[in-house]
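Chain by chain, the residues:
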Amino acid sequence: MKGARMSTPARRVRGLGAAHSGTGHFWHQRVTSVAGIPLTIALVVIVISLLGRNHAAVVQILGSPLVAILTLLFIINTAYHMWIGMQEIILDYVHEEKWKLVSLMANTFFVVVIAFASVYAVLKLSFGV
Amino acid sequence: MSELDAGTTAGRRAARPLSPHLQVYKPTLTMMMSIAHRITGAALYVGMLLLAWWLIAAASGPAAYANVEWFMSTLIGRLVLFGYTWALMHHMLGGIRHLIWDTLHGLQPTERELLAMATLIGSIALTLLLWVLGYLAMGGPR
Numbered sequence: 001m002k003g004a005r006m007s008t009p010a011r012r013v014r015g016l017g018a019a020h021s022g023t024g025h026f027w028h029q030r031v032t033s034v035a036g037i038p039l040t041i042a043l044v045v046i047v048i049s050l051l052g053r054n055h056a057a058v059v060q061i062l063g064s065p066l067v068a069i070l071t072l073l074f075i076i077n078t079a080y081h082m083w084i085g086m087q088e089i090i091l092d093y094v095h096e097e098k099w100k101l102v103s104l105m106a107n108t109f110f111v112v113v114i115a116f117a118s119v120y121a122v123l124k125l126s127f128g129v
Numbered sequence: 001m002s003e004l005d006a007g008t009t010a011g012r013r014a015a016r017p018l019s020p021h022l023q024v025y026k027p028t029l030t031m032m033m034s035i036a037h038r039i040t041g042a043a044l045y046v047g048m049l050l051l052a053w054w055l056i057a058a059a060s061g062p063a064a065y066a067n068v069e070w071f072m073s074t075l076i077g078r079l080v081l082f083g084y085t086w087a088l089m090h091h092m093l094g095g096i097r098h099l100i101w102d103t104l105h106g107l108q109p110t111e112r113e114l115l116a117m118a119t120l121i122g123s124i125a126l127t128l129l130l131w132v133l134g135y136l137a138m139g140g141p142r
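For the protein sequence lines, the chains are H and E, in the order given. Numbering follows this note's numbering, with no gaps: position 62 of the first sequence is 62. Numbering follows this note's numbering, with no gaps: position 56 of the second sequence is 56.
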């Protein structure tokens, strides 16, 4: 095997992967999935308890501290979880460098916009005006 | 230089055997549940638009909130919401299954099948349960 290199050159793996970051996302995906279980249950309970209520009641309940905090935690946790998840899907299926970068960027934009818009709405419900 | 050139012929990529894609395998339940986990995850990703719309509408005022309520009361809205509920339950149970596997438990063939079946049946049961609770909360179907 003259000339063949079985080891990967360190410069290619040091802190780099297909997404140009390390394995931290693997662990973060586990952390956010564990946190996501109680937060999802909380959100489902919140949504069901608000079904059929009029707007004024919905505003009052969504803006109350416990409900608002749980909803905010759900949004932030889910946003990070789905950002990592979609990145993983993109890296699996989009191989052309240009489209890979475009879709990775679009993923970030989508998640940031959704998260900020949702967080803003809950804060407005909590603090009014 | 040399390692970068390894595997190429005259600057072009040499034909190398590729690992076969999914369609060459006989479909199995665990495989289907794995695919379903990814598809439900992607669907929930898009579905976060619904949560954002609902929260922004509530924060915007009664008129905007009435729009969301109207859409959710249409047949399409109900179907989307039902699909969202199932996707959420399936992805959550599938995630719990993956967390169990992360601890190196439940990896035996019969255990894998059992967990995959539990994910599917559990997600359907939980979805139906939540919709019964939802309609009860609203005081019956409308």
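Just so you know, these hints were derived from the structure itself, not from any lab. Errors might be hidden in some of the hints.
What the hints assert, rightly or not - Heads up, incomplete: computed chain E residues facing chain H, CB under 10 Å, no partners named:
(1) 34
(2) 36
(3) 38
(4) 42
(5) 48
(6) 49
(7) 56
(8) 59
(9) 82
(10) 83
(11) 85
(12) 92
(13) 99
(14) 139
Heads up, the beta-carbon is just placed ideally off N, CA and C, and yes, glycines get one too.
Verification of the hints:
1. 34: At about 13 Å, which exceeds the 10 Å cut-off, the nearest Cβ of chain H leaves the hint on residue 34 of chain E violated.
2. 36: Because about 14 Å separates residue 36 of chain E from the closest Cβ in chain H, which is outside the 10 Å limit, the hint is violated.
3. 38: This hint holds: residue 38 of chain E lies near chain H, its Cβ roughly 7 Å from the closest one there, short of 10 Å.
4. 42: 6 Å, holds
5. 48: Cβ of residue 48 of chain E sits 5 Å from chain H, so the hint holds.
6. 49: 7 Å, holds
7. 56: 5 Å, holds
8. 59: 4 Å, holds
9. 82: 13 Å, violated
10. 83: At 15 Å from the nearest chain H Cβ, residue 83 of chain E fails the 10 Å test, so the hint is violated.
11. 85: Status holds, d = 8 Å.
12. 92: 6 Å, holds
13. 99: This interface hint holds because 7 Å falls under the 10 Å limit.
14. 139: 6 Å, holds
Checked against the numbered hints above, the structure violates hints 1, 2, 9, 10; every other hint is satisfied.
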